[in-house]
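Chemist: Given next are the chains, with one letter for each unit.
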Amino acid sequence: MAVAAASGPVIRGSGLHKRFRTQAKDFVQALDDVSFEVAPGTLTALVGPDGAGKTTLIRLMAGLMRADEGQLEVLGIDAAADPQAIQDRIGYMPQRFGLYDDLSVQENLDLYADMHGVSAADRRVRYPQLMEMTALGPFTGRLAGKLSGGMKQKLGLACALVRAPDLLLLDEPTVGVDPLSRRELWGIIDRLVREDGVPVLLSTSYLDEAARCEHVVVLHAGKVLSEGPPSKVSALAEGRTFTIAPGKGEAPRQTQARLLDEPDLVDAAPEAGQVRVVTRGGAAGGLASFDPAPTPARFEDGFMVLLDRSAEPSGPNAGSAADMKLDHPPAGAQGEVVVEVTELVKRFGDFIAVDRVSFQVRRGEIFGLLGPNGAGKTTTFRMLCGLSNPTGGDLRIAGADLSRSPAAARQKIGYVAQKFSLYAQLSVTENLDFFASAYGLHGARRRQRIDWAMAQFDLGPVAGQLGGQLPGGYKQRLATAAALLHEPDILFLDEATSGADPLARREFWRRITALAGQGVTVIVTTHFMVEAEYCDRIAILDSGHVLAEGAPAEIRAKAVTAANPHPTMEDAFIAVIEAARAPAPQERAA
Amino acid sequence: MSGPPIPGLGAKARRVGALIRKESRQVVRDPSSFAIGVVLPLMLILLFGYAMSLDVKNVPIAVVLEDPSSQAAEIAASFQLSPYFQTRVTRSMTDAQALMLSGQVEGIVRVPQDFARRAAQGDAAVQVLVNGIDGNTARIVEAYAEAAVAQSGARVAAEGQDAGSAGGQATVESQLWFNSANDSRYFLVPGLIVLIITLIGAFMTSMVVAREWERGTFEALFVTPVRTDEILLGKVVPYFVLGMGGLLLCMGAAKFLFDVPIRGSIPILLGVSMLYLLVSVATGLLISSSLKSQFLASQVTLVVTFMPALMLSGFLYDLHSVPLAIKLVSYLVPARYFVSLLQTLFLAGDVWSVILPNAAILAVVAIVMLALTRRATRKTLG
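Sequence lines, in order, name chains A and B.
All residue numbers in the first sequence are consecutive under our numbering, ending with 590.
All residue numbers in the second sequence are consecutive under our numbering, ending with 382.
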């Protein structure tokens, strides 16, 4: 089906440069001498943290931008000379889907079918296939704006596939998508490549997704760090990857926090009740006291080695993250109940978004709220933060009834939102200044709190930079620092690491762990199941109900089968949701 | 099965058709474009047509008839019969003053006791007291009273010399005078057409292209076989049609609601309106394509198209009486030429010496704007 000359590569880029003007005289180098190739019929991943240049590179391939320097050929066509010829033949899904919210599913599909000149006869064949593939059949009349995130993603994909393209480009197709929808999307992509032979190139910041591709281009700060099969990357960590059992009476994350202080360690992360570590130099010499067990290296491990090699000396300083100290740790006994949710209900008209949800969170705990898109996580979260009023039930935050004394309760809460919600046009100090006054801090205490935030979060080097122009990791730090200015007892993190660079994510969790250790209660939502491993307890929600609650080990135990004796958190998550949905078979099982 | 799409005009026409369908659906479904495209023009028509008239009509006044003579009664009757006034006749000044103070009348016309006697001597006078808060009404009441008295005096004088011969002439003169004061609708309605076409043509298109940029929908659309000119056509046609709808609405309102005559020929009126509509649509697209932000584009469009159409087109303020500098600036406002065309076509007829040069200017501007828009719209991001 692919018409591209079977002999040559589908995409060939050499020496690509692209830079953007940020301010009057400042430039950001998005792509810096990028060269790579994509072979016909393969699944290629473009992997890298936020700001690595992935989107810029994909836009160059789609003919939406021109490189400043270098050669780019797509399907044998020069992308700079004839972008239209490329656009006539490829399918493309941008990060923001490009769907028309005020058109229905069918109307969006029709529009793209008309754009691509798909004949009526071809549509009769293609539409049922697409509907079957995406399980959107029952929703053809629904406006695209009213679809859930996962369904929008699938509709975007269907629009890019209205006629079988010669090449499919997908820009972060799974960002912000829950594990279930993610698995369905991957099913579609896999079939396209294997059965229809369509070459697919996608960008992702999920490292486990890169591992399932045949070809991986690792991009970091506009440069290609590695290109080849994923095994080439994992080989870098071969013989240097170990698992360590947590110390007695310790949560894996506490052991991990201690391990990160070891000088010869590239990475340590809690996983399946253990801690997975990658060492810098071969054997686990310095770790002998932890009794490390060797384990096969994965793509993630090799990726951390790659990043570790390229990290500049002035990069995020893990040491200071571990030393985070609160001036006034929250008073009260560790283990006392600080958040108490009883029979919480939220209705929107006929629709029950949250249905009698109950749970408790104790002081110093990290509590994870997980669930697929539309499960009621965000609604629950908003009620906990006092941003939305419950229809029924009881909500007590740090001893205060949220419905009776919202102001008192809010004073005890810090909130880090999903999207960067600080002021992009204000500098780091101005942002902190503003939030300090918003929390009613003034005089000596205000100065002291801002100094604390600058020091504890290493914001000194970027103090004068505008919030909007900070690198991703610094944005995260600034947002967290702002949320902690008024020394809250409870910290809410709403998908705070979505799309963040793995190094920044490690550092972020290090600080969160340190805060929890000093008595701050943390409640998080996340789509990264590996992050659930940092939690002391998690609750899985679907259709407004709590389906499972407990320590990560207890949740994982629910998915143990003969075929899969050591399920990951993601396996467990999917098993729990599917078991709950099983009685009423859904169209979404793709 | 796939490969390059069907070449030639068929595929092109199909893409344009699909884009037009898409755009029309969005207009219908998006409450804000419905508000700007349909509700706002209707409000403007009603506002300008009924509420904002520069006329005086049905002004409540009191006529104090202190003189029982027939000549005095005639003056009172002329006020009573006039459509501009609602007249109450009283016998005493105190009654009239009470009405004025309680706000029931806007003015008092006092015909003094010796009116008939002094009229015979040639120096008859009436006293006019007007509520000065509304200066416009005050002036008109005053002028009417003066005219009524002069008319009555003239008739008496004429009757005295040559009974019943010259009276008619004096009447005609004053009628014309008052009619012209009452004709502001004749000027407002053509002006309204300019405003509505500017609103739909420029203001709406300035939002809808920027919206596609803001929502990121262009990014996916660009990576299809669609060409830039097709995207532009897909934007121009629906708003052109909508603008024509607004035009027909205004013309209907002009003819049937406000009784404004259309003295020129309808095809020419439609033709020049299409030219101006094209100018507006192209201006909106140009601003939108260049700025890519709905807020910025709508503000710029307001300042660049709507405000000049309101103030510098000769619709509200007569361009003959503005300072030279402003007059020179007004030549840069396309609405100015359209206002001349409309006023001529509505009130005078097919005056070719006005139509040809103005229409030619609009045609040139339309072509230039479309060419600039074509250049500003590219299938590239940043």
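Keep in mind the hints are simulated off the structure, nothing from the lab.
One thing to keep in mind: the hints can contain errors.
Said to hold, decoys possible - Pair by pair, the computed Cβ-Cβ distance ranges are:
#1 B:Leu328 <-> A:Phe27: 41 to 51 Å
#2 A:Arg347 <-> B:Leu372: 29 to 39 Å
#3 A:Gln129 <-> B:Arg227: 21 to 31 Å
#4 A:Gln71 <-> B:Ala325: 51 to 61 Å
#5 B:Leu372 <-> A:Gly392: 51 to 61 Å
#6 B:Met307 <-> A:Asp33: 47 to 57 Å
#7 B:Arg227 <-> A:Asp32: 29 to 39 Å
#8 B:Leu302 <-> A:Thr429: 28 to 38 Å
#9 B:Arg227 <-> A:Ser310: 51 to 61 Å
What the hints assert, rightly or not - Straight-line C-alpha distance at most 30 Å; calculated DSSO-like pairs for lysine-lysine:
#10 A:Lys146 <-> B:Lys379
#11 B:Lys292 <-> A:Lys146
#12 B:Lys379 <-> A:Lys223
#13 B:Lys255 <-> B:Lys12
On a predicted model such as this, the values are computed, not experimentally measured, just so you know.
Just so it is clear, CB atoms sit at the ideal spot from N, CA and C, and this is done for glycine as well.
Chemist: Of the numbered hints stated earlier in the document, which are not met by this structure?
Modeler: Violated: hints 2, 9, 13.
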